[in-house]
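Residue 1 is where the sequence shown starts when you use the numbering used here, and the numbers rise one by one after that.
Among these hints, one or two may not hold up.
[Said to hold, decoys possible] For lysine-lysine, the following DSS-like pairs were computed, each having C-alpha atoms within a straight-line distance of at most 30 Å:
| hint | residue 1 | residue 2 |
| --- | --- | --- |
| 1 | 92 | 47 |
| 2 | 235 | 284 |
| 3 | 81 | 235 |
[Said to hold, decoys possible] With beta-carbon atoms standing in for the labels, derived distance ranges:
| hint | residue 1 | residue 2 | range |
| --- | --- | --- | --- |
| 4 | 282 | 42 | 26 to 32 Å |
| 5 | 276 | 42 | 36 to 42 Å |
| 6 | 48 | 187 | 19 to 25 Å |
| 7 | 224 | 131 | 38 to 44 Å |
| 8 | 202 | 67 | 48 to 54 Å |
| 9 | 198 | 145 | 32 to 38 Å |
| 10 | 156 | 52 | 21 to 27 Å |
Keep in mind the hints are simulated off the structure, nothing from the lab.
Heads up, the beta-carbon is just placed ideally off N, CA and C, and yes, glycines get one too.
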Amino acid sequence: MNREFLWKLNKRWARRIRISIVSLTVASVPSLYLLANGPYLKEYFEKRYSVCNVLPNHLQQIVDSEYEKFLMSEDRIRKKKRVTFYWSMSEKYLDSVTHGALNSPWGARTALPFYTQFQTFNEAYDYCKKKLEPMLFMDEQACVIWESSIGRQIIETFVLSEDALRFLIQRDLIAHEAVKRMALFAFYWFCYTSIAFMLAQIILHYYFTGSILWFCGLSLVLNAPACWGSVQNAKLDWHTTDQSADADAARVSLAHSRGGKEYYQKLLKRNRLLREIIHDGVKKVSAVGNPNNSNTSYWSRYTALVDLHAENNLLDKISTAGDS
């Protein structure tokens, strides 16, 4: 009975089953990804992240100002750039989170870290006392005594200058302008899984007489590295874009380069302090304060901005000396 069933399955339904497996694997993930970052971006973003779309007045003014600068640079004023800024109500994300792309018809949506709302130490202190006992960091609970020396140092890293806020907003606008960043993962997934299925079909045709069971097994074996490769290639491109966006944002002005250095310096300091508080912090955060799961090293981003800031200072001095 089993042999007869398998024979009929191979002969009558093999083609349909293969087409279904290939279609679902190749098309489903890119389709869902593009829908979540396209037509359903607003619903997906607001449901996945705990965000508020009403920014504090000072933050809204900085966002509007940086957006105007962004449009004026490189003649972007002629093109429609759609972006919506939120501030995150969760301490889980200590850096901004963005989905979508400014150049896409549906635009981009960015959630700024919760601490961008603070202007003074006392504001940050009151917030931490009310909502961050305990604080969530690297998916671990950090029981911080906010009145202690370490607690006060962590709070100080939550208070950013206007320069740091300007850099952060400009960086996010530049990094997520192109549609390419949004579509890379879907593109790599489609290409790599298609090639994997082609190889599976070729091997099946020449060596395994077209068995549907062999097709399923080969597809699984070949698609595992294909899926892994698509994710890694997308991460590599995102890594390059992040570094480029840092440099471009820092070159807007000396204030922006100074703000970028401050932003990453405080982020790394905060991570180093929290590393000593959470369980297994040594395994999750490096000695310099870089999370081990970060796609682009914050330490390398900081050192690059330190060098760039020194270069900008030198150029500014040369320009001033030339004018005088």
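These are the hints, each one checked on the structure:
1. 92 / 47: Holds. Residue 92 to residue 47 sits at ~15 Å (cutoff 30 Å).
2. 235 / 284: 19 Å, holds
3. 81 / 235: 24 Å, holds
4. 282 / 42: 26 to 32 Å: 40 Å, violated
5. 276 / 42: 36 to 42 Å: 39 Å, holds
6. 48 / 187: 19 to 25 Å: Hint holds: Cβ distance 22 Å, inside 19 to 25 Å.
7. 224 / 131: 38 to 44 Å: 42 Å, holds
8. 202 / 67: 48 to 54 Å: 51 Å, holds
9. 198 / 145: 32 to 38 Å: This hint is violated: roughly 59 Å between Cβ atoms.
10. 156 / 52: 21 to 27 Å: Hint holds: Cβ distance 24 Å, inside 21 to 27 Å.
When each numbered hint is compared with the structure, violations occur for hints 4 and 9.
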